[in-house]
Amino acid sequence: MAFGLGLDCMSIITIVALALLVMIAGGFYVGRSRAITAVEGATAGLHSLPNYHGYYVAIWTGVPAFFLLGLYAIFGGQLVDRLAVSELRAQAAEINRLLDDTLAADTDFIELNHAAENLRGRVDALNDEISALRNARGDNRDPDRLTRLRAEQIEALNLSTAAEDAVRARRQAVVAAVGADAVTDGASERALAGYELAQAPRERRQLFLSDSRRIASGELASRDSVALRAAAQAIAGYDRNVKIGAAVLALALGALGFGLTRARISSQFRARNNVERLVTAALLLSSVIAILTTVGIVLSLLFESLRFFASVPVLDFLFGLQWSPQIAIRADQVGQSGAFGAVPLFAGTAMITVIAMVVAVPIGLFSAIYLSEYAGPKFRQIAKPVLEILAGIPTVVYGFFALLAVGPAIRTLFTALGFESVVTQSALSAGLVMGVMIIPFISSLSDDVINAVPQSLRDGSFAMGATRSETITQIVMPAALPGIVGAILLAVSRAVGETMIVVMAAGQGANLTANPLESVTTITVQIVMLLTGDQEFDSPKTLSAFALGLVLFVLTLLMNVVALRVVQKYREKYD
Amino acid sequence: MTDSPRTFPVREDVERRLAKRYRAELRFRTAGLTAIGIAVAILCILIGSIASEGVPAFTAKELVLRVELDADRVDPEGDGSVASLRRGSYNRVLQDALREAFPGVTARNDLRTLFGLYTPLNATRLMDAVLDDPALVGNSYVFTMPLADDLDLYLKGRLVEDRTLPTAGRLTASTDGDIVSLRSTTADFTALAREIEQSMAAEARTLELRVEQVRLALDQVPAADAPRLQAEADRHAAAAVNLRQLARAPDGFLPLTGDVPSVIVESGGQAFRLTQLAVDGKSARGEVVLGSGLVENADDWTLYVVDTPESRRRVSDQLIIWTRSLVEREMIQTGFNTYLFANADSREPELAGIKGALYGSILTMIITMFLSVPIGVFTAVYLEEYAPKNRVTDFIEVNINNLAAVPSIVFGLLGLAVFINFFGLPRSAPLVGGLVLSLMTLPTVIIATRAALKAVPPSIRQAALGVGASKTQAVFHHVLPLAAPGILTGSIIGLAQALGETAPLLMIGMVAFIADAPSLGLAGFTEPATVMPVQIFLWSDGAERAFEARTAAAILILLALMIGFNAVAIYLRRRFERRW
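Note that the protein sequences, when read in sequence, are chains A and B. Just so you know, we're using this note's numbering here: the first sequence kicks off at 1 and counts up by one. Just so you know, we're using this note's numbering here: the second sequence kicks off at 1001 and counts up by one.
Honestly, the hints are just simulated from the structure, not real lab data. C-beta atoms are modelled at their ideal positions from N, C-alpha and C, and glycine is treated no differently. Hints may contain errors.
Which chain B residues stay away from chain A? Per the calculated CB distances, all over 10 Å, these [stated by the list, open to error]:
#1 Ser1049
#2 Gly1080
#3 Gly1104
#4 Thr1144
#5 Asp1280
#6 Thr1302
#7 Val1306
#8 Phe1370
For lysine-lysine, the following BS3-like pairs were computed, each having C-alpha atoms within a straight-line distance of at most 30 Å [what the hints assert, rightly or not]:
#9 A:Lys378 x B:Lys1454
#10 A:Lys569 x B:Lys1454
#11 A:Lys569 x A:Lys384
#12 B:Lys1389 x A:Lys569
#13 B:Lys1389 x B:Lys1471
#14 B:Lys1355 x B:Lys1156
#15 B:Lys1454 x B:Lys1389
#16 A:Lys384 x B:Lys1454
#17 B:Lys1454 x B:Lys1471
Distance ranges between label pairs, derived from CB positions [claimed, not checked]:
#18 B:Ala1187 x A:Ser421: 44 to 50 Å
#19 A:Phe419 x B:Leu1218: 20 to 26 Å
#20 B:Val1398 x A:Phe379: 36 to 42 Å
#21 B:Glu1397 x A:Thr513: 38 to 44 Å
#22 B:Pro1457 x A:Arg82: 54 to 60 Å
#23 B:Val1398 x A:Ala73: 30 to 36 Å
#24 B:Tyr1022 x A:Phe419: 40 to 46 Å
Could you build all of it, start to finish, from the sequences and the hints given here?
Given below as structure tokens:
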């Protein structure tokens, strides 16, 4: 059974992994005992302790082999797919050639294609004319003509879409006919599978592959056909081969490492230094991951953003007042580009951040002042952890709290005050709850900063007869100000990047409004909206999420850098 | 040059100012205390509101039915094979059991309402029970299933406002076709009739006010909207007139429509739903919902009033009466809500559970733990103990500090672009979720580890080096063990954060509806799954009211997990903390 096959192959890799573990243990033992025998038990004669010889052999036996297995785990599936697809394609080459010939000889198809091309040309010409008109200045501006051209463009687009549909339909008919011929001619099942795969549209191709993969591993597929099963067979075959190949290679690497390192062991061998060099390399490698993460973030955001900016100009994105990316449903639809003016998102983000800060800064700052200047050690011991609980609560819980309690409360309150049509999901509710989330952030950072102000300053002030509050407002605060500004900046960057609260509590309408009782949307909300659910990866709609991500990243990065600078500068003053 | 009492005004002045300064001091101090008070109060409100919403969801009202597993119903082929048992009509079995419990319900519409007591998905559970034990076929079996979500909320008193009114007189009921006439020896219905009359009058007044408002607004709206508004005003006005007319009770009876409280009379296993109340307060008319409809001089009867009008709630009077009858007959029991823990997600709130999300969280956390802790500790050890002071290490340090402040959603974008689109790893899988979360947790672990390493005094290192240990030996044999408690604490706190993280996981597709829990094994890492916080997010905008309670319950579980994590961290810190 196919299921059994999947199990078999799974266990090959498991067995190899287990064998490698045994080899590693063996390597350690062999390395160790070989070192001991090399000096006939007088371990003082060894350069390194016997264990280090063992570690050395074990590391070289295990690491490269497991590295290979890791590569296989990540890329194995893709490799199998590639191999299987290329085989199927090769098998289907004949039928495909036949299809090309048939299509080239099919007058209907040629004619339709020609017509579609003409229409496409017309649309392009109209597009050029419209953009020329749109950029025109002075006397060349002609709004009436622009409107007329737009109408014409829509008509032409519709015609062109219809024509392309016709071309596609005709092509499908020919494809089906050629396929049927091939079946009667007795083409192999794999060839037919390759043919189906080659002629399917892109998204169908993915489905075809995933279905055949499922059949190959004995799972339930969404459909079942002869072609699918043939493809599944090919995939299963390659899967087995690649698996066995990976297994054999891993074992060979392990054996090779074992053999080479074992031969090097002698009384003079500097095993400890070698092992320590490897350890250091591993440590360095780990810290490189942090850099790689940053590089990965920057590159992926930049790369996708550039693709987005190829279809939407940067300035339109940064300064446009209209945000409605949802229009782009189909690739060939009118108004496909949607509207990608991000100003409403920036405004929404700014409003919610401001509301959050209005809540968080006074409460957080006064808490910090009380905790550091007034509270006794006992009160501090209780109050500080309680505040920190606020920081530990997941943001999705805050979002639910906003939905459950704060939003309805705001609606009741403002409806009672005579406001009309107050919605539950509003900038105010999201901002308030986010403010609560940020309180501990500001209070603990400010607490640190205030505590760092030297006691001598306070004592001096008290000696002059100042009260505590005077000391705080006139001596401690000015001294701590840079640090507090830094803390607030960090808090702002936190608020700007916060996602779940706004997704749940702020609504989704891209309103450009100054009224906190309306629902607004933010950068993060739009990223979530654009990337959850089904999406094609190349549409500007999806790519715009990465552009927003880039803006978010740059924004928060700038704030953090500035904040850290400010804090550092302040620290230097008193150290 | 005098010692005249001229200094006294100055002194007074100073004293006055001093008093003012002390008042300012007190104000300032109070402001600080208030700030802390506000923060603590908000925390209490937050926890309190979620707990009060979520705690009831930990119990479930269950319907206990004795079902007859007739062979011809559940074993259509008659061979007792698995395939045959799978094709049995288990929902019919459940329906039969309910019909037996309510023999009086025969009309097709009423039956459909009756079957609303449970969700048909329970048939699958019954099938699983039979598949587990095929010997049940042909026998009767006591099957327990959760009551429909709305009725569950009703019984917990969270869906409607209701009350039971005392009665003094003796009740006599007689049927005339579909209509039941009820008569009491005393004026038991008077208070109720007055109330209903008043509520009708109030409703009419609201309508009239609305008409007034619309008429006023008519002058200000564009002409195109005027006809629509006019029609609305007319409709409201007509409705108000109608209400006033009805409230006057021309034939001596007040009608009970779906817009006023429902009144139910219960007497010895019988139940009537009132449709008309006499103004004299002694008699009423209604329809039989349960029982024969004949009552003779009964003194044991109650008036049950559901104040939430039928048009404004999701359960009908019929269902309420049937449910109450089931409770009376002890066919509904209250049990611990095992469904919440034993099931994965479901479209029906009463069957939806957190098992899938919990398993997803466990799998994701395993990946996160095994990646972020070793890599984070290694990085910190390198930076703190090995790295030469140069530009590269400075760059790494700045990098890590910045990574700590990168919004979590950006990590999700990274995961989508790199792990899913570039490496082709499966969407929605705990593997990818764990990778993304470990990158996110890495800075936390690194920073905590560095702090722990910094706290180990240099004398330890010097002593180790002094007796001839190599640098690696000094670090791994002496410094790391001493820093371990701090590292452990920091790692646990970082993992707890990752456990509560939602946003990046939305990006990589862990937000789908998944009805099966992933397997807790190697294969589970690449199966589609979701995690606790995402499940909370998904449930929070569930259409059913009962999902709100589930959401709150899931939050309580998540918070309990996180508090557990943090408690362990605090315990470890207290237990092993060492001050030098």
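Hints versus structure:
1. With 10 Å as the threshold on Cβ separation, the claim that serine 1049 (chain B) sits away from chain A is violated: the shortest Cβ distance comes to roughly 5 Å.
2. Its beta-carbon lying about 25 Å from the closest one in chain A, glycine 1080 (chain B) satisfies the requirement of being farther than 10 Å from that chain.
3. Chain A leaves glycine 1104 (chain B) outside its interface by the beta-carbon criterion, the shortest separation being 41 Å against a cut-off of 10 Å.
4. The claim that threonine 1144 (chain B) is not at the interface with chain A holds, since no C-beta of that chain comes within 10 Å of its own (minimum 30 Å).
5. With a minimum CB-CB distance of about 40 Å to chain A, aspartate 1280 (chain B) clears the 10 Å threshold, and the non-interface call stands.
6. No Cβ of chain A comes within 10 Å of the Cβ of threonine 1302 (chain B); the nearest lies about 34 Å off, and the non-interface call holds.
7. Separation of valine 1306 (chain B) from chain A is adequate, the least Cβ-Cβ distance of about 23 Å exceeding the 10 Å criterion.
8. No Cβ of chain A comes within 10 Å of the Cβ of phenylalanine 1370 (chain B); the nearest lies about 13 Å off, and the non-interface call holds.
9. Taking the CA atoms of lysine 378 (chain A) and lysine 1454 (chain B), the gap is near 28 Å; set against the 30 Å cutoff, the hint holds.
10. Under the criterion of a C-alpha separation no larger than 30 Å, the hint pairing lysine 569 (chain A) with lysine 1454 (chain B) is consistent with the structure, at around 22 Å.
11. For the proposed pair lysine 569 (chain A) and lysine 384 (chain A), the alpha carbon gap of about 27 Å is at most 30 Å, so the pair holds.
12. A distance of roughly 20 Å separates the Cα atoms of lysine 1389 (chain B) and lysine 569 (chain A); the hinted pair therefore holds under the 30 Å criterion.
13. Taken as a hint, the lysine 1389 (chain B) and lysine 1471 (chain B) pair is honoured in the structure, with Cα atoms around 17 Å apart against an allowance of 30 Å.
14. In summary, the hint linking lysine 1355 (chain B) to lysine 1156 (chain B) is supported, as the alpha carbons are separated by about 24 Å, within the 30 Å threshold.
15. Simply put, lysine 1454 (chain B) and lysine 1389 (chain B) have alpha-carbon atoms about 16 Å apart, close enough for the 30 Å limit, and the pair holds.
16. A distance of roughly 24 Å separates the Cα atoms of lysine 384 (chain A) and lysine 1454 (chain B); the hinted pair therefore holds under the 30 Å criterion.
17. In summary, the hint linking lysine 1454 (chain B) to lysine 1471 (chain B) is supported, as the alpha carbons are separated by about 16 Å, within the 30 Å threshold.
18. For alanine 1187 (chain B) and serine 421 (chain A), the Cβ-Cβ distance of about 46 Å falls inside the hinted range of 44 to 50 Å, so the restraint holds.
19. Checked against the given bound of 20 to 26 Å, the beta carbons of phenylalanine 419 (chain A) and leucine 1218 (chain B), roughly 22 Å apart, stay inside it.
20. Our hint of 36 to 42 Å for valine 1398 (chain B) and phenylalanine 379 (chain A) holds, since their Cβ atoms are close to 37 Å apart.
21. Hint check: glutamate 1397 (chain B) to threonine 513 (chain A), Cβ distance near 42 Å, so the stated range 38 to 44 Å holds.
22. The given range of 54 to 60 Å is respected by proline 1457 (chain B) and arginine 82 (chain A), whose C-beta atoms sit roughly 56 Å from each other.
23. Hint check: valine 1398 (chain B) to alanine 73 (chain A), Cβ distance near 33 Å, so the stated range 30 to 36 Å holds.
24. Judged by the Cβ atoms, the range 40 to 46 Å given for tyrosine 1022 (chain B) and phenylalanine 419 (chain A) holds: they are separated by roughly 42 Å.
Checked against the numbered hints given earlier, this structure breaks only hint 1.
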